[in-house]
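Now that you have both chains on their own, put them together as the hints suggest.
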Amino acid sequence: EVQLVQSGAEVKKPGESLKISCKGSGYTFTTYWIGWVRQMPGKGLEWMAVMHPGHSDTRYSPSSQDQVTVSADKSTNTAYLQWRSLKASDTAMYYCARPANRSSWFGFDLWGQGTLVTVSS
Amino acid sequence: QSALTQPASVSGSLGQSITISCTGTNSDVGGYNFVSWYQQHPGRAPKLMIHDVSNRPLGVSNRFSGSKSGNTASLTISGLQAEDEADYYCSSYTTSSTVEVFGSGTKVTVL
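Those protein sequence lines, which keep their order, are chains A and B.
So in this note's numbering the end of the first sequence lands on 380, straight run, no missing numbers.
So in this note's numbering the end of the second sequence lands on 115, straight run, no missing numbers.
Mixed in with the good hints there might be a few duds.
What the hints assert, rightly or not - Chain A residues, not near chain B, derived (Cβ > 12 angstroms throughout): (1) E269; (2) K278; (3) Y286; (4) S334; (5) N336; (6) K346; (7) S379.
To be verified - Computed list of lysine-lysine pairs in DSSO-like fashion (alpha-carbon distance at most 30 angstroms, straight line): (8) K302/A with K111/B; (9) K271/A with K51/B; (10) K51/B with K333/A; (11) K271/A with K333/A; (12) K278/A with K333/A; (13) K302/A with K72/B; (14) K302/A with K51/B; (15) K346/A with K51/B; (16) K278/A with K51/B; (17) K51/B with K282/A.
To be clear, the hints were calculated from the coordinates, so they are not data collected in a lab.
Note that beta-carbon positions come from the ideal geometry of N, C-alpha and C, so glycine has one too.
Looking at chain B on its own, in the form it has when it is part of the complex (with noise of 0.2 angstroms):
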C-alpha cells in the first residue's frame, strides 16, 4: 500500500507555529477518523503524540494539536522549542487493505 504524503522536511524558529500535513485518500485518512501522529528522536522508539485525529495522550503537551479536512490530517506544533526537533510521522487507517499505514515522514527543524 502507498504511504501517506508529507513533506519531506519543515521548519521553523524557536516560539513559532509549524503544521505538518498527510495526505491520503477517501479510502484512509478521508474516510475514518483513525489518524494517529508520532515523534521520533534519532536512535529512538516512536511516541504517540495524537491519535483519533486530535486527541492528545496523557503526558504530550498542548502545543500539539491535530485535525483533519478532507483528506488531509494535520499536526500544528505552537511555541516551538529545541525539544521538537525530531522526525514525525502520520498513520491512518486504510481499506485499501483493511489495515493501516504510515505516512513519508516529516523532519522538524528549529532554527
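Isolated chain A, as found in the complex (with noise of 0.2 angstroms):
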C-alpha cells in the first residue's frame, strides 16, 4: 500500500528542539518530491517547504525559512521537519504529502496522518 506514516504528537516547552518524520512506503521515495503544511488550531493550510529526496532540492516559503529544516534519510524512505528552537506559535498539526506526479511538486494527492505538535511552558 502507498503510504505516509508521521511519527506521533509531541508536546514540547519553548526552547526546545524537535525533529518529526515521515516515512514514505509502497512507492519509490527518491522519485517523488516530499513536502510539509502547517495548519494551526482552528485555521487554514499553510505551505511550508518542499523537498526532493533524490537530489536534496529543497524550497521553503518565506515565512519557513530560517524557521524549519527539512530533510530526508534514503535508506529509510524517510522526510524530516525538524526545529532548533521552538516557539508557542509553532504549535500546530503539520502533514507531510507527496504529489501526483513525480516531475513536479504541485498537487499533494498523497498525505500523512498528521504529526500534532504542541509548544507549551
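Quick look at the structure:
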C-alpha cells in the first residue's frame, strides 16, 4: 500500500528542539517530492517547504525559511521536519504530503495522517 | 506570501451546484496552470480533488470540476451531497517566492 506514516504527537517547551518524521512506503521514495504543510488550530493550510529526496533540492516558503529545516534519509525512506528552537506559535498540526506526479511538486495526492505539535511552558 | 483569496463560506441545497472562487494575481493563479483544490473534513488530512486547474485524480467524483479565467480559479461542485460539506482550499505556484501558496479556505455547507 502506498502511504506516508508520520511520527506521533509531541508536547514540547518553548526553546526546545524537535524533529518529526514522515516515512514513505509502497513507492520509490527518491522519485517524488515530499512537502510539509502546517495547520494551526482552527486555521487554514499553510505551505511550508518541499524537498526532493533523490537530489535534495529544497524550497521553503518565506515564512518557513530560517525557522525550520527539511531533510530526508534515503536509506530509510523517511523525510524530516525539524526546529532548533520551538515557539508557542509553532503549535499546529503538521502534514507531510507527496504530489501526484514525479515531475513536479504541485498537487499533493498522498498525505500523512498528521503530527500534532504542542509547544507550551 | 499572501494567501489566495477565497470566500469564507458558500452554501447550497442538496442536489444544487455551487462554485468556489480562488483569486490571485498574474504571479500565481493567472500566470500558471499549477492550481490545485483540496477538500478537508474536520479532523482529517486534506484530499486532492483537482490538480493542474482542471484534472481530477483517479477516484474523485466527476461532480467536481475546476476551471480558470484570468487571475481567478474556480471549483464547481454539482449535484451537491451531504458528504461534500467540508472546507475547501485552492493552491497555486507563485513566482513571488518560487514556491506554492494556499488559499484562505472556504467552508461549504449543505442545506
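Outcome of the hint check:
no. : hint               : verdict
1   : E269               : 18 angstroms, holds
2   : K278               : 21 angstroms, holds
3   : Y286               : 15 angstroms, holds
4   : S334               : 26 angstroms, holds
5   : N336               : 19 angstroms, holds
6   : K346               : 20 angstroms, holds
7   : S379               : 21 angstroms, holds
8   : K302/A with K111/B : 12 angstroms, holds
9   : K271/A with K51/B  : 29 angstroms, holds
10  : K51/B with K333/A  : 26 angstroms, holds
11  : K271/A with K333/A : 28 angstroms, holds
12  : K278/A with K333/A : 17 angstroms, holds
13  : K302/A with K72/B  : 26 angstroms, holds
14  : K302/A with K51/B  : 17 angstroms, holds
15  : K346/A with K51/B  : 29 angstroms, holds
16  : K278/A with K51/B  : 25 angstroms, holds
17  : K51/B with K282/A  : 19 angstroms, holds
Checked against the numbered hints listed earlier, the structure breaks none of them; every hint is satisfied.
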